[in-house]
Amino acid sequence: MITVKYFASLRTIAEMEEDRIEVENSISMDQLSDIISKTSPKMGEFIRDKKVMISVNQEMADSDTIIHDGDEVAFLPPFSGGS
Amino acid sequence: MITVKYFASLRTIAEMEEDRIEVENSISMDQLSDIISKTSPKMGEFIRDKKVMISVNQEMADSDTIIHDGDEVAFLPPFSGGS
Amino acid sequence: MSTTTDSKIRIQLEDFSVTDEIEAMKKVSRNIGGITTFLGTGRELSKGENITQLNFEHYPKMAEKKLEEIRQQAIKDYGIIDMSIIHRIGPIEIGENIVLIVAVGEHRKETFVACEWAIAELKRVTPIWKRETTSKGEVWVQDTP
Amino acid sequence: MSTTTDSKIRIQLEDFSVTDEIEAMKKVSRNIGGITTFLGTGRELSKGENITQLNFEHYPKMAEKKLEEIRQQAIKDYGIIDMSIIHRIGPIEIGENIVLIVAVGEHRKETFVACEWAIAELKRVTPIWKRETTSKGEVWVQDTP
Chain A
3 MITVKYFASL RTIAEMEEDR IEVENSISMD QLSDIISKTS PKMGEFIRDK
53 KVMISVNQEM ADSDTIIHDG DEVAFLPPFS GGS
Chain B
3 MITVKYFASL RTIAEMEEDR IEVENSISMD QLSDIISKTS PKMGEFIRDK
53 KVMISVNQEM ADSDTIIHDG DEVAFLPPFS GGS
Chain C
6 MSTTTDSKIR IQLEDFSVTD EIEAMKKVSR NIGGITTFLG TGRELSKGEN
56 ITQLNFEHYP KMAEKKLEEI RQQAIKDYGI IDMSIIHRIG PIEIGENIVL
106 IVAVGEHRKE TFVACEWAIA ELKRVTPIWK RETTSKGEVW VQDTP
Chain D
6 MSTTTDSKIR IQLEDFSVTD EIEAMKKVSR NIGGITTFLG TGRELSKGEN
56 ITQLNFEHYP KMAEKKLEEI RQQAIKDYGI IDMSIIHRIG PIEIGENIVL
106 IVAVGEHRKE TFVACEWAIA ELKRVTPIWK RETTSKGEVW VQDTP
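Protein chains in written order, with my numbering: chain A, 3 to 85; chain B, 3 to 85; chain C, 6 to 150; chain D, 6 to 150.
Hints are computed from structural coordinates only; laboratory data are not their basis.
Small disclaimer: the values here were computed from a predicted structure and weren't measured.
Among the hints, erroneous ones may be present.
[Said to hold, decoys possible] Listed below are the simulated SDA-like cross-link pairs for lysine to any residue, each with C-alpha atoms no more than 20 Å apart in a straight line: (1) C/K13 <-> C/K32; (2) D/K128 <-> B/S57; (3) A/K52 <-> C/W145.
Between the sequences and the hints, there should be enough to build the whole structure, so can you do that?
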């Protein structure tokens with residue numbers, strides 16, 4: 003199972019805060035975006051168009067990162083902390 | 003009357019903290035150093051050799067500054083405030 | 006108002022005391038001569054809009070990890086003695102504290118450089134997001150310079 | 006411990022509270038987004054010597070005038086909103102506060118530059134002198150880098 007998290011403005015786009023996706027094997031980011039597209043077409047498009055940053059297990063990742071069973075994937079809009 | 007002030011390490015050299023010097027007219031810094039030399043030869047030497055900074059009425063001055071009756075002249079060793 | 010100063014990296018709802026955080030850092034060494042701090046506070050104006058409230062959200066664990074990486078790199082790269090970083094989340098009123106970075110060192114120069122680098126790096130790499138409330142509604146801030 | 010924060014330029018025997026000074030500066034504007042502070046503290050080591058106490062002396066009136074000039078020039082040249090400068094005189098123990106500069110601005114960049122300039126300028130032009138007490142006795146510090 004993969005945990006998928008959406009933060010800040012992406013929660014509105016994905017229409018959810020967190021999702022859990024059952025997988026049998028490791029999957030590519032493209033495959034994950036296809037799965038996400040089924041429930042959130044716009045979110046899938048954002049991922050494919052590289053409009054969001056991605057982290058896997060709290061480390062920055064990219065579209066080439068392979069996702070394994072048990073991983074936590076997060077989609078991150080541009081950061082705006084600091085002040 | 004001119005007020006003369008000595009700060010920090012210069013107090014030890016002048017062997018005083020403050021002096022009052024009666025003058026009839028305005029005097030040059032050279033004339034003042036001659037007067038000071040009479041009581042504190044080493045201090046007079048420091049002034050002539052430009053080993054000290056000088057302020058007149060709390061503004062930085064130099065060896066060309068003319069000193070008038072009523073002025074406050076201070077001899078200032080290198081500053082070391084700040085931390 | 007203020008909370009424990011035990012940890013040098015904190016993301017918290019509560020306000021913090023700058024004095025308490027500085028005093029906690031002073032305990033690290035008797036050889037501290039310079040302390041530079043940056044405090045970010047809630048401004049009323051943003052791009053011409055009047056802001057009534059700010060709201061910060063973070064990615065728990067990842068944000069703390071990034072702040073700790075910034076702290077470690079600042080110590081290593083700039084030769085400071087230590088650094089603490091605190092960021093608040095949740096609602097922030099105008100004038101309130103948002104973020105604090107305290108850099109302590111033997112001399113002042115390295116603490117200025119390390120502190121300025123750390124706040125820029127925090128904005129760049131830390132998963133924290135700001136929502137601004139104005140008369141027009143609430144918006145997530147997408148770009149900070 | 007702390008004293009009135011009424012004046013933005015102060016030379017005083019008493020300690021000060023960094024939090025109180027920052028809060029006093031926050032009252033100047035609702036548009037403050039960045040606050041950089043520099044706090045100088047008493048270090049134990051100086052040129053390999055163990056220091057047991059510091060002692061600061063100033064030229065009254067002239068020192069305050071120089072600090073006010075620094076404040077005015079920082080506001081004018083760096084575009085900050087305001088600045089406060091406090092320097093202690095008299096005996097200072099290791100770890101104690103010596104000098105505080107608070108620069109407040111709309112954005113962080115100008116507050117860093119103004120604060121760093123102000124402490125360098127303070128050391129250069131303000132008639133304040135430091136005496137260090139070590140096991141070898143007391144010496145006036147003649148050169149600060």
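- Take a quick look at whether A/K52 and C/W145 sit within 20 Å of each other, Cα to Cα. 19 Å, holds
- Task: Decide if the proposed pair is consistent with the structure: D/K128 and B/S57, CA atoms, cutoff 20 Å inclusive.
- Result: 17 Å, holds
- Is C/K13 close enough to C/K32, meaning Cα to Cα at most 20 Å? Holds, at roughly 12 Å.
The structure agrees with every numbered hint stated previously.
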